Amino acid sequence: RPELLRKAVHHYADICGKKYGVKKVFVMWGDLETKPPDPESFFSLSIRGKGTTDTNRASVSIVRLEKDSLNSRFTPVNDVDGDVVFTVDDDVRVDCPSLLKGFHAWTVSPESMVGYYPRLVGPPRVKHDDDSLVYYNWPTVLSRQQMNLILTKASFMHQKYLRLYLSSVHPQEIRDYVDANKNCEDIAMAMLIANQTMDESGTPAYPIYVEGAVSDDGLFNGISGMHAGYMSSRSDCATDLTRIYLKHGWRSPLSHIASLRERSWIKHFPGYWWQAKPSNVFEWFALQNVLR
Numbered sequence: 003r004p005e006l007l008r009k010a011v012h013h014y015a016d017i018c019g020k021k022y023g024v025k026k027v028f029v030m031w032g033d034l035e036t037k038p039p040d041p042e043s044f045f046s047l048s049i050r051g052k053g054t055t056d057t058n059r060a061s062v063s064i065v066r067l068e069k070d071s072l073n074s075r076f077t078p079v080n081d082v083d084g085d086v087v088f089t090v091d092d093d094v095r096v097d098c099p100s101l102l103k104g105f106h107a108w109t110v111s112p113e114s115m116v117g118y119y120p121r122l123v124g125p126p127r128v129k130h131d132d133d134s135l136v137y138y139n140w141p142t143v144l145s146r147q148q149m150n151l152i153l154t155k156a157s158f159m160h161q162k163y164l165r166l167y168l169s170s171v172h173p174q175e176i177r178d179y180v181d182a183n184k185n186c187e188d189i190a191m192a193m194l195i196a197n198q199t200m201d202e203s204g205t206p207a208y209p210i211y212v213e214g215a216v217s218d219d220g221l222f223n224g225i226s227g228m229h230a231g232y233m234s235s236r237s238d239c240a241t242d243l244t245r246i247y248l249k250h251g252w253r254s255p256l257s258h259i260a261s262l263r264e265r266s267w268i269k270h271f272p273g274y275w276w277q278a279k280p281s282n283v284f285e286w287f288a289l290q291n292v293l294r
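Under our numbering, think of the first position of the sequence shown as 3, with each following residue one higher.
None of these hints come from the bench; they were simulated from the model. Check the hints yourself; a few may be wrong.
Unchecked claim - No more than 25 angstroms apart at the CA atoms, straight line, and that leaves these computed lysine-lysine pairs for PhoX-like:
no.: 1; residue 1: 103; residue 2: 279
no.: 2; residue 1: 129; residue 2: 162
no.: 3; residue 1: 21; residue 2: 129
As the list claims (entries may be wrong) - Computed beta-carbon distance windows for the label pairs:
no.: 4; residue 1: 63; residue 2: 289; range: 33 to 43 angstroms
no.: 5; residue 1: 274; residue 2: 68; range: 45 to 55 angstroms
no.: 6; residue 1: 235; residue 2: 274; range: 26 to 36 angstroms
Remember, it's a predicted structure, so these values are computed and weren't measured experimentally. Even glycine gets a Cβ: it sits at the ideal position worked out from N, Cα and C.
Throw the hints in and build the complete structure from the sequences for me.
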């Protein structure tokens with residue numbers, strides 16, 4: 003996906019850049035058989051538009067990963083300035099003002115995940131005898147006014163969680179599950195943060211939803227697309243990962259539910275529940291699992 007990557011780096015490093023708080027961009031290169039591009043190649047004259055200047059441009063570095071794994075997106079980088087990192091997929095574009103709003107929201111609650119895609123994991127509407135969970139998208143988040151995780155495909159978090167995710171403290175079985183299923187590293191990270199913050203304070207650091215302007219090509223082309231079976235696999239992930247955490251003596255990670263209204267960074271007057279909006283219009287069409 004070289005063209006997607008080039009456009010992503012251009013957007014965050016060149017268009018947003020220092021003016022919007024972006025100091026450094028790190029490309030996590032997981033293609034073990036292909037040499038990564040020169041960072042300067044992301045800034046060809048053919049894609050640079052008005053308003054882009056060399057003084058505004060953030061520095062760009064390539065981080066060559068040891069393993070081609072979804073877990074590797076959480077590899078800590080030593081050269082990060084400060085405590086916050088913004089993780090984003092190469093097919094997701096958060097517009098610059100929305101990006102800055104997200105950063106400001108994180109500074110208010112630095113233990114929380116902050117981002118543009120709120121989700122809810124909880125028991126099904128019709129209770130079963132087992133402990134199965136259901137993964138819900140925006141329509142259910144809005145109608146129930148509840149959420150308990152933010153997708154890492156566009157999110158701010160404290161970089162200490164990256165170190166913890168890949169450490170020996172975090173059950174290896176979680177990372178093995180992500181590798182085997184090639185999915186759900188974002189759910190695993192949300193569960194890790196909920197567990198860690200519950201251990202520190204007794205209650206989880208609830209996520210913060212930032213209503214912004216986000217384009218997302220991955221809805222149709224990526225592994226997180228709206229294809230048949232995707233939502234079922236996400237529900238299976240939530241159920242299986244919870245069981246693994248419990249088996250290793252951790253808490254049931256997403257048992258606490260946050261209020262969408264209380265944990266939304268953007269407030270609408272006069273504050274009716276239906277005034278909340280998704281960051282991408284296609285979120286309205288993610289209707290799988292609504293009736294489950």
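Each hint tested on the structure:
1. 103 / 279: holds, 15 angstroms
2. 129 / 162: Judged against 25 angstroms, a Cα distance of about 37 angstroms means the pair is violated.
3. 21 / 129: Not satisfied, since the Cα-Cα distance of roughly 50 angstroms exceeds 25 angstroms.
4. 63 / 289: 33 to 43 angstroms: Once the Cβ atoms are compared, 40 angstroms apart, the range 33 to 43 angstroms for residue 289 and residue 63 holds.
5. 274 / 68: 45 to 55 angstroms: For residue 68 against residue 274, whose Cβ atoms are near 50 angstroms apart, the range 45 to 55 angstroms holds.
6. 235 / 274: 26 to 36 angstroms: holds, 34 angstroms
Taken one by one, the earlier hints fail for this structure at numbers 2 and 3, listed in ascending order.
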